[in-house]
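Visitor: Chains as they are written, first to last, in my numbering: chain A, 22 to 157; chain B, 2 to 162.
Just so you know, these hints were derived from the structure itself, not from any lab.
Source: prediction; values computed, not measured.
Please note that the accuracy of each hint is not assured.
Said to hold, decoys possible - Restraint ranges, calculated between C-beta atoms of paired labels, are given here:
| hint | chain 1 | residue 1 | chain 2 | residue 2 | range |
| --- | --- | --- | --- | --- | --- |
| 1 | B | Val10 | A | Leu46 | 34 to 42 Å |
| 2 | A | Lys73 | B | Asn62 | 16 to 24 Å |
| 3 | B | Gly142 | A | Glu154 | 46 to 54 Å |
Just so you know, even glycine gets a beta-carbon here, dropped at the ideal spot from N, CA and C.
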Amino acid sequence: MTLIRGLLSFFYYYRKVKEKNMKQLFQVKGETLIIDLPEELDHHVAGIVREKTDPLFTGKKIRNVIFNYEHTHFMDSSGIGLVMGRYREVRYLNGNVYIVGVHDKISRILEISGLYRIARTQKDTKTALEVIEKEY
Amino acid sequence: MEQYNNQMVVEFDSVSRNEGFARVVVAAFVTRLNPTLEEVADIKTAVSEAVTNSIIHGYENKDGRIRIETRIENELVTIIVTDYGVGIPDIEKAMEPMYTSKPELERSGMGFAFMEAFMDDLKVESAVGKGTVVTMWKRIGKTKEDWETGEAEEETIKENQ
C-alpha cells in the first residue's frame, strides 16, 4: 500500500515537473511567439515543439516568431524544417521569423541551409522584441 | 605510426526517440581518435540525418530496424547506416538540395546535403522494396592547415603507394 502511494506521488511529481518544463518551452507576448529551443533539436524534438506550439497559431493571432537558440548545442535539418514551417505561417500576416542566440556550433548549419535569407537574426530575445515593437 | 582498427555495430528500433541515442553512440565510439569538437558535431549531424531519413522515409514512421556499422581504420571513420524499408526510387532526385518527398511533414530537403557537407564522402545505395544503405567517410585529425596546403592528401597518396 505504501509502495503504491509512493509510486503515485512519484508520478504526480514527475508530471508536474514535466508540465513545468513544457510550459517553459514557449511564451506569447502580444502578437509574438517566443520559442526557447531545447539543447538538442532533431526530428524527435522538433515534433514535440510543433505539437506544443501549433495550437497557438489557430487560437491567437501570431504575427512574429522568435526562435531562441541560446540553449541549443545540436541541430540537424529537422530544425531547419521547423523554422521554415513557422515562416510560412506568419508570412500571410506580413510577419517575420527571428533567430536569436545562435552558438558557433550551429551557425554553420544555419548558413549552409540558407535560413538566414528568410529569417532575421538578432543577438537575443530582448533585442528582437524591441525591433518588433518599433515596427508595429 | 601505430595502427588502430576497430569496428562496432548497433541495431535498434526505427523510432524517433532513438535518433539521439544513435548519434551519441557513434560519437562516443570515435572519441578514441581525439576528434575536435567540430568533427564530433559533424559526425553527430550526419548520423542524425541518415537515421531520420530511415525513420521517416525508409519505414514511413512504421516499425522497422536500423543498423549502424562504424569502422575505424587509423584516422578514417566509415559509418554505414542501413534500413530494410521502402528504398529510394530516384537517388539523384532524393539527393538534390531542397528536394523532399514529404513537404507535408515540414522536411527541409537538406538531409543528404548536410551529410555531404559534414562528411568527406557519401555513397547511397538503394533498392525499391528492399532498403537503403548510406555509407559515409570522414578522416579525423585533418586539420585546417593540412587542407590548405594539401599535405594530408599527399600523405595519403604516399601511404597508398
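Visitor: Which hints, by number, does the structure contradict?
Guide: none
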